[in-house]
Amino acid sequence: MKIKQLSVFLENKPGRLSEPCHTLAKAGVNILTLSLADTQQFGIMRLIVKEPEKARDVLTQSGCVVKVTEVVAVEVEDRPGGLADILEIIEAADISIEYMYAFTFGRKDKAALVFRFDDPDKAIDVLQDKGVNVIGGVELYDSAD
Amino acid sequence: MGEFVTENRIWDPAETMPHDELRALQLERLVQTLARVAEVPFYKEAFTKAGVSPDDIKTLDDLRRLPFTTKADLRDHYPLGFLAVGRDRVARFHGSSGTTGKPTFVAYTKEDLSTWADLCARFLVSGGLRPEHTVHIAFGYGLFTGGFGLHYGVERVGAAVVPAAAGNTRRQIMLLKDLAADVLVCTPSYALTIAETVGAMGIDPKELSLKFAHFGAEPWTEDMRAQIEADMGLLAFNNYGLSEVIGPGVSGECAARNGMHIQEDHFIVECVDPETLEPAQPGCQGELVFTSLTKQAMPIIRYRTRDIAQLDPSPCACGRTGIRMDRVVGRTDDMLIIRGVNVFPSQIEEALLRVEGTAPHYLIEIGRPETLDEVKVHVEVRSKDLSDKMSHMQALRDRIGQEIHSITGIHADVYLVEPQTLERFVGKAKRVLDHRTEKNDA
Ligand SMILES: [Zn+2]
Chain A
1 MKIKQLSVFL ENKPGRLSEP CHTLAKAGVN ILTLSLADTQ QFGIMRLIVK EPEKARDVLT
61 QSGCVVKVTE VVAVEVEDRP GGLADILEII EAADISIEYM YAFTFGRKDK AALVFRFDDP
121 DKAIDVLQDK GVNVIGGVEL YDSAD
Chain B
1 MGEFVTENRI WDPAETMPHD ELRALQLERL VQTLARVAEV PFYKEAFTKA GVSPDDIKTL
61 DDLRRLPFTT KADLRDHYPL GFLAVGRDRV ARFHGSSGTT GKPTFVAYTK EDLSTWADLC
121 ARFLVSGGLR PEHTVHIAFG YGLFTGGFGL HYGVERVGAA VVPAAAGNTR RQIMLLKDLA
181 ADVLVCTPSY ALTIAETVGA MGIDPKELSL KFAHFGAEPW TEDMRAQIEA DMGLLAFNNY
241 GLSEVIGPGV SGECAARNGM HIQEDHFIVE CVDPETLEPA QPGCQGELVF TSLTKQAMPI
301 IRYRTRDIAQ LDPSPCACGR TGIRMDRVVG RTDDMLIIRG VNVFPSQIEE ALLRVEGTAP
361 HYLIEIGRPE TLDEVKVHVE VRSKDLSDKM SHMQALRDRI GQEIHSITGI HADVYLVEPQ
421 TLERFVGKAK RVLDHRTEKN DA
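Quick mapping for you: the protein sequence lines, in order, are chains A and B.
Going by the numbering used here, the first sequence opens with residue 1, and the numbers climb by one from there.
Going by the numbering used here, the second sequence opens with residue 1, and the numbers climb by one from there.
Treat the hints as calculated values from the structure; they're not laboratory data.
Hints are not guaranteed to be accurate.
[To be verified] As a list, the in silico PhoX-like pairs of lysine-lysine whose alpha-carbon atoms are at most 25 Å apart:
no.: 1; chain 1: A; residue 1: Lys54; chain 2: A; residue 2: Lys67
no.: 2; chain 1: A; residue 1: Lys50; chain 2: B; residue 2: Lys49
no.: 3; chain 1: A; residue 1: Lys4; chain 2: A; residue 2: Lys50
no.: 4; chain 1: B; residue 1: Lys71; chain 2: B; residue 2: Lys430
no.: 5; chain 1: B; residue 1: Lys49; chain 2: A; residue 2: Lys13
no.: 6; chain 1: A; residue 1: Lys50; chain 2: A; residue 2: Lys26
no.: 7; chain 1: A; residue 1: Lys2; chain 2: B; residue 2: Lys384
no.: 8; chain 1: B; residue 1: Lys389; chain 2: A; residue 2: Lys54
no.: 9; chain 1: B; residue 1: Lys389; chain 2: A; residue 2: Lys2
no.: 10; chain 1: B; residue 1: Lys44; chain 2: A; residue 2: Lys13
no.: 11; chain 1: B; residue 1: Lys211; chain 2: B; residue 2: Lys177
no.: 12; chain 1: A; residue 1: Lys54; chain 2: A; residue 2: Lys2
no.: 13; chain 1: B; residue 1: Lys58; chain 2: B; residue 2: Lys44
no.: 14; chain 1: A; residue 1: Lys67; chain 2: A; residue 2: Lys122
no.: 15; chain 1: A; residue 1: Lys122; chain 2: B; residue 2: Lys389
no.: 16; chain 1: B; residue 1: Lys389; chain 2: B; residue 2: Lys376
no.: 17; chain 1: A; residue 1: Lys67; chain 2: A; residue 2: Lys13
no.: 18; chain 1: A; residue 1: Lys50; chain 2: A; residue 2: Lys110
no.: 19; chain 1: A; residue 1: Lys130; chain 2: A; residue 2: Lys2
no.: 20; chain 1: A; residue 1: Lys122; chain 2: A; residue 2: Lys13
no.: 21; chain 1: B; residue 1: Lys384; chain 2: A; residue 2: Lys67
no.: 22; chain 1: B; residue 1: Lys71; chain 2: B; residue 2: Lys44
no.: 23; chain 1: B; residue 1: Lys389; chain 2: A; residue 2: Lys50
no.: 24; chain 1: B; residue 1: Lys71; chain 2: B; residue 2: Lys102
no.: 25; chain 1: A; residue 1: Lys67; chain 2: A; residue 2: Lys50
no.: 26; chain 1: B; residue 1: Lys384; chain 2: A; residue 2: Lys4
no.: 27; chain 1: A; residue 1: Lys26; chain 2: A; residue 2: Lys4
no.: 28; chain 1: A; residue 1: Lys13; chain 2: A; residue 2: Lys2
no.: 29; chain 1: B; residue 1: Lys102; chain 2: B; residue 2: Lys430
no.: 30; chain 1: A; residue 1: Lys50; chain 2: A; residue 2: Lys2
no.: 31; chain 1: B; residue 1: Lys71; chain 2: B; residue 2: Lys49
no.: 32; chain 1: A; residue 1: Lys13; chain 2: A; residue 2: Lys130
no.: 33; chain 1: B; residue 1: Lys384; chain 2: A; residue 2: Lys54
no.: 34; chain 1: A; residue 1: Lys67; chain 2: B; residue 2: Lys389
no.: 35; chain 1: A; residue 1: Lys13; chain 2: B; residue 2: Lys384
no.: 36; chain 1: B; residue 1: Lys177; chain 2: B; residue 2: Lys206
no.: 37; chain 1: A; residue 1: Lys13; chain 2: A; residue 2: Lys110
no.: 38; chain 1: B; residue 1: Lys389; chain 2: A; residue 2: Lys4
Only a predicted model underlies this, so the values are computations on that prediction, with no experimental measurement involved.
With the sequences and hints as input, model every part of the structure.
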């Protein structure tokens with residue numbers, strides 16, 4: 001149920017963000033979502049793409065430093081307190097979140113959250129136990145077509 | 001053994017000569033040396049220019065009245081302007097390659113070669129060599145002094161020599177294995193190559209009988225020593241020398257391994273501030289300057305080595321009285337002065353090695369935006385260093401900064417940069433961008 005996320009190291013200077021995106025576009029890799037963490041000096045761009053291995057290869061060939069990590073995507077119900085419920089489950093299970101970001105996917109513009117947990121397997125078990133829809137790669141990637 | 005890594009053995013009782021006797025012997029030999037160089041045109045001219053005559057030198061402190069000799073002086077008097085004996089007395093020439101083409105030559109009489117053998121025997125014995133050993137010498141034999149100097153030292157001790165010379169690592173390993181050498185002599189970087197190749201050949205380093213190694217001819221670090229000793233199961237000793245002074249044998253480590261004892265009955269050492277040429281503060285780093293005391297063919301007076309190291313006059317457990325020098329940390333040519341502190345690019349490299357395991361690409365940028373020097377160190381990030389977590393990347397950057405501070409004592413702003421963005425150089429890398437000098441030029 002885990003999803004592969006690419007992290008790309010970027011220096012914090014004008015134009016650097018678009019280069020990896022162009023590289024992926026040229027290779028025909030579809031970016032599902034992208035989030036950026038940065039400091040004054042450098043940043044890390046995190047990407048969810050349909051073909052993570054291919055994306056990693058083309059980015060590496062273009063001179064980027066790339067790391068692949070496993071993250072967990074869950075569907076959030078479109079109602080007040082939807083997000084709070086999920087966070088509560090995670091907190092109760094004493095699982096720590098390294099970082100998270102949100103995006104929309106699918107034809108119905110469903111909202112999803114991407115979590116980087118220190119223990120993703122345990123998190124998936126706990127979330128599924130509580131009836132939360134953990135989105136697998138296939139479902140996520142298919143929604144992009 | 002106690003504080004010794006191996007048995008503490010002394011080759012020559014002169015190594016433990018009491019200090020007052022040693023100083024008296026140095027003065028006696030200095031006066032003899034000055035008499036020998038009196039007719040060498042270079043010294044004659046230099047002494048006259050400095051307004052000093054050899055007769056003025058009555059104490060060891062008077063040595064400071066004599067002018068320095070530099071590599072440029074040797075080059076200017078190419079090929080044999082420093083020769084102090086007739087060609088008939090010369091038994092050997094050696095030389096060191098210059099970066100600018102022509103080598104500088106040094107000459108030895110028969111007596112000099114014998115002195116040299118003794119000096120090398122001293123440090124070889126202090127680092128474990130025994131007459132029943134076999135020594136594999138993987139130094140080049142030629143104009144370079146390393147091969148012959150160590151060769152003579154081993155012969156003087158009465159051990160067997162395998163003069164393997166340089167190159168063909170697989171053949172070297174076959175020799176090491178089949179002739180069961182106990183001692184390895186080479187550069188520390190070549191030892192790393194041997195260790196790697198032994199692994200690649202599927203040979204267990206324990207199949208080799210190596211117990212000791214003597215490394216010299218290039219700077220190395222304690223981390224390298226630990227790695228080589230762990231990989232090859234031997235004890236590695238450091239020795240120091242340069243052809244202009246005699247070759248290897250100027251100083252070497254004892255079994256206490258807390259610095260290299262300078263063979264003070266044959267050389268006077270000074271440690272000077274390379275800027276002011278005044279004596280460095282006790283316990284501070286400075287440029288080493290050597291005066292030979294027994295050389296016949298080519299005595300050398302106050303030779304500026306351009307090597308930066310620190311002297312330690314405290315007594316050593318081994319009983320040797322020669323002052324100790326620590327590792328050479330760098331060359332004056334590479335030295336940067338940042339906020340009054342001497343810093344070498346090699347120290348930055350050492351800091352990066354500690355953090356990441358292998359030498360990455362880096363660039364040191366120095367500026368003086370206001371009145372104080374500011375240092376930026378740009379370090380290329382590699383895939384294995386990358387984390388998707390910001391906190392890890394910031395910790396990596398902070399750790400590099402801390403290591404740089406602990407080694408150099410200066411604060412540097414560390415910038416992580418994308419790979420392949422720092423310029424690559426063939427040969428000697430240009431790792432320093434000094435904006436302070438640019439400003440002066442403008
Ligand atoms: Zn000692």
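To see whether the hints hold, each was checked on the structure:
no., hint, verdict
1, A:Lys54 to A:Lys67, "holds, 13 Å"
2, A:Lys50 to B:Lys49, "violated, 80 Å"
3, A:Lys4 to A:Lys50, "holds, 9 Å"
4, B:Lys71 to B:Lys430, "holds, 22 Å"
5, B:Lys49 to A:Lys13, "violated, 58 Å"
6, A:Lys50 to A:Lys26, "holds, 14 Å"
7, A:Lys2 to B:Lys384, "holds, 22 Å"
8, B:Lys389 to A:Lys54, "holds, 22 Å"
9, B:Lys389 to A:Lys2, "holds, 18 Å"
10, B:Lys44 to A:Lys13, "violated, 62 Å"
11, B:Lys211 to B:Lys177, "holds, 13 Å"
12, A:Lys54 to A:Lys2, "holds, 18 Å"
13, B:Lys58 to B:Lys44, "holds, 18 Å"
14, A:Lys67 to A:Lys122, "holds, 22 Å"
15, A:Lys122 to B:Lys389, "holds, 20 Å"
16, B:Lys389 to B:Lys376, "holds, 23 Å"
17, A:Lys67 to A:Lys13, "holds, 21 Å"
18, A:Lys50 to A:Lys110, "holds, 17 Å"
19, A:Lys130 to A:Lys2, "holds, 17 Å"
20, A:Lys122 to A:Lys13, "violated, 38 Å"
21, B:Lys384 to A:Lys67, "holds, 8 Å"
22, B:Lys71 to B:Lys44, "holds, 18 Å"
23, B:Lys389 to A:Lys50, "holds, 22 Å"
24, B:Lys71 to B:Lys102, "holds, 12 Å"
25, A:Lys67 to A:Lys50, "holds, 16 Å"
26, B:Lys384 to A:Lys4, "holds, 17 Å"
27, A:Lys26 to A:Lys4, "holds, 21 Å"
28, A:Lys13 to A:Lys2, "violated, 32 Å"
29, B:Lys102 to B:Lys430, "holds, 23 Å"
30, A:Lys50 to A:Lys2, "holds, 13 Å"
31, B:Lys71 to B:Lys49, "holds, 19 Å"
32, A:Lys13 to A:Lys130, "violated, 44 Å"
33, B:Lys384 to A:Lys54, "holds, 19 Å"
34, A:Lys67 to B:Lys389, "holds, 11 Å"
35, A:Lys13 to B:Lys384, "holds, 23 Å"
36, B:Lys177 to B:Lys206, "holds, 10 Å"
37, A:Lys13 to A:Lys110, "violated, 34 Å"
38, B:Lys389 to A:Lys4, "holds, 15 Å"
Going through the hint list in order, the structure does not satisfy hints 2, 5, 10, 20, 28, 32 and 37.
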